[in-house]
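2 protein chains.
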Amino acid sequence: MTDITQHRLATRYGQPDIEVPNNWGPVLDELLNHRSVRSFSEAPLPEGTIEALIAAAQSAASSSNLQVWSVVAVQDKARKARLAGFAGNQAHIHQAPLFLVWLADLSRVARLGARQQVELEALPYIESLLLGTIDAALAAQNAVVALESLGLGSVYIGAIRNDIEAVAQELDLPPQVYPVFGLCVGHPSVERPAQVKPRLPQAAVLHHEKYSVTHEASAIEQYDARLGAFYRQEGLKAAGWSEQVIARLRGVASLNGREHLVDELKRLGFGLR
Amino acid sequence: MTDITQHRLATRYGQPDIEVPNNWGPVLDELLNHRSVRSFSEAPLPEGTIEALIAAAQSAASSSNLQVWSVVAVQDKARKARLAGFAGNQAHIHQAPLFLVWLADLSRVARLGARQQVELEALPYIESLLLGTIDAALAAQNAVVALESLGLGSVYIGAIRNDIEAVAQELDLPPQVYPVFGLCVGHPSVERPAQVKPRLPQAAVLHHEKYSVTHEASAIEQYDARLGAFYRQEGLKAAGWSEQVIARLRGVASLNGREHLVDELKRLGFGLR
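Quick mapping for you: the protein sequence lines, in order, are chains A and B.
Mind the numbering: the first sequence is residues 412 to 684 in the working numbering, read in order.
Mind the numbering: the second sequence is residues 412 to 684 in the working numbering, read in order.
Because the hints were derived from the structure by calculation, they are not lab data.
Please note that a few of the clues may not be correct.
Treat identical chains as interchangeable: a pair holds within one or across any two.
[Stated by the list, open to error] Calculated cross-link-like contacts (lysine-lysine; reagent style DSSO-like; alpha-carbon spacing at most 30 angstroms):
(1) Lys648 / Lys621
(2) Lys621 / Lys491
(3) Lys648 / Lys488
(4) Lys677 / Lys648
(5) Lys491 / Lys677
(6) Lys608 / Lys491
(7) Lys648 / Lys608
(8) Lys488 / Lys621
(9) Lys677 / Lys621
(10) Lys608 / Lys677
(11) Lys608 / Lys621
Make a model of the complete structure from these sequences and hints.
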């Protein structure tokens with residue numbers, strides 16, 4: 412194991428006792444080095460960046476090759492500001508030169524059916540919502556890997572789901588399309604570098620043959636301490652993971668509008684059967 | 412642009428007129444080279460492979476760091492065979508030495524709340540289903556990039572959703588957990604190499620500032636011809652994309668059980684409010 416790999420694993424897991432394969436290479440080192448970037452420089456993106464990211468995104472798997480996703484690339488400052496307003500007004504949406512809105516998009520196949528006068532009876536099911544959501548997520552994650560290979564940084568914006576109807580109106584989305592998440596993209600700020608966030612020990616998320624909670628409590632206890640230390644190092648309030656989870660999920664208020672998603676999705680034309 | 416990059420773009424898009432940034436590098440070449448592998452050699456996986464893939468998976472972003480996903484690594488032949496039986500009995504599930512079942516997992520945070528006697532009121536919403544589904548998809552896609560960097564191949568198995576209750580029983584899943592998709596992992600067979608699948612032109616999926624269908628019809632027409640030619644080259648029935656989409660979505664029968672997902676998810680403990 413190289414020193415870099417050792418360092419990457421330690422940053423993610425503390426002192427891990429993970430054996431890694433001999434052919435672990437630079438791609439794995441890069442993947443482990445991911446961090447969410449919330450502070451961007453003013454440098455514009457190199458020509459062709461968006462097209463490169465979308466080529467990577469389209470290279471991800473798509474269920475039955477249906478390709479039920481799309482993406483809107485927003486660079487106009489005023490539009491970014493309006494979208495930020497719908498999504499908790501996060502400063503990095505304003506700041507990033509590029510805001511990608513990833514869409515679960517059943518409308519393209521629906522238009523195709525309509526042109527051929529065939530009713531697509533399999534569409535109005537919650538399965539289709541999942542298809543589009545999964546397709547969009549796989550595509551976006553490939554774009555994230557791609558943009559990091561280009562020296563860029565990004566952060567996902569789940570808050571784009573706070574008010575999907577407002578976003579749909581702003582972006583002229585047809586029926587049967589919803590914004591799954593946003594992605595701020597830009598050059599990471601040098602003054603405020605982002606840090607790699609520690610994650611749960613593998614024992615808490617990886618199961619062999621059957622699901623088991625045997626190691627869960629001790630894994631979480633260890634992680635609470637490690638994440639608390641990480642936040643203190645960052646000069647932040649030193650809550651562990653358990654406290655954060657409970658703060659985030661104990662009340663409906665923290666959903667910030669997403670408690671209305673079912674009704675909103677229905678109004679946007681999703682069947683959800 | 413190097414010859415490799417030119418080749419990668421041509422394989423994905425035909426003759427593209429895409430400008431790519433100057434610092435396009437080997438990671439982007441690798442991402443574009445993805446293919447779904449459905450035929451595996453009998454070679455076992457190198458020691459530490461699973462742990463490496465999960466390290467990559469956990470390095471993907473997670474909404475609010477909730478980490479509402481888990482994965483079950485199945486290597487037992489009999490269990491793989493039973494899971495295949497629930498998922499359309501696809502031969503590659505039997506053949507691959509490793510079958511990863513990716514889970515949207517609200518149960519870990521639910522247990523955490525229960526231990527601290529706090530009710531997590533934000534959980535029983537469709538938003539939580541999306542959170543877990545997206546977290547699992549981002550994680551899995553990182554694992555796919557990682558395994559390809561190790562010379563391995565994979566294919567996603569959406570058919571694991573055909574009967575999520577049978578899968579839940581087989582894997583001892585607690586309430587509020589559902590299998591999002593499976594992933595067959597192994598060494599690609601040399602005799603039956605997988606091909607890169609052409610995708611829709613970027614004009615059909617990438618929108619600037621607002622959603623627009625202006626270029627859609629011509630993009631799909633072009634893609635129908637290109638995908639048809641690809642299938643004929645592969646010795647397969649030469650349907651274009653439009654025909655495939657309609658065949659896949661016109662009837663409920665092609666959902667293979669996924670038309671019952673709402674009821675099944677509810678019985679598995681998801682609120683879906």
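Would you pick out the hints that fail for this structure and give their numbers low to high?
-> 1, 3, 4 and 10
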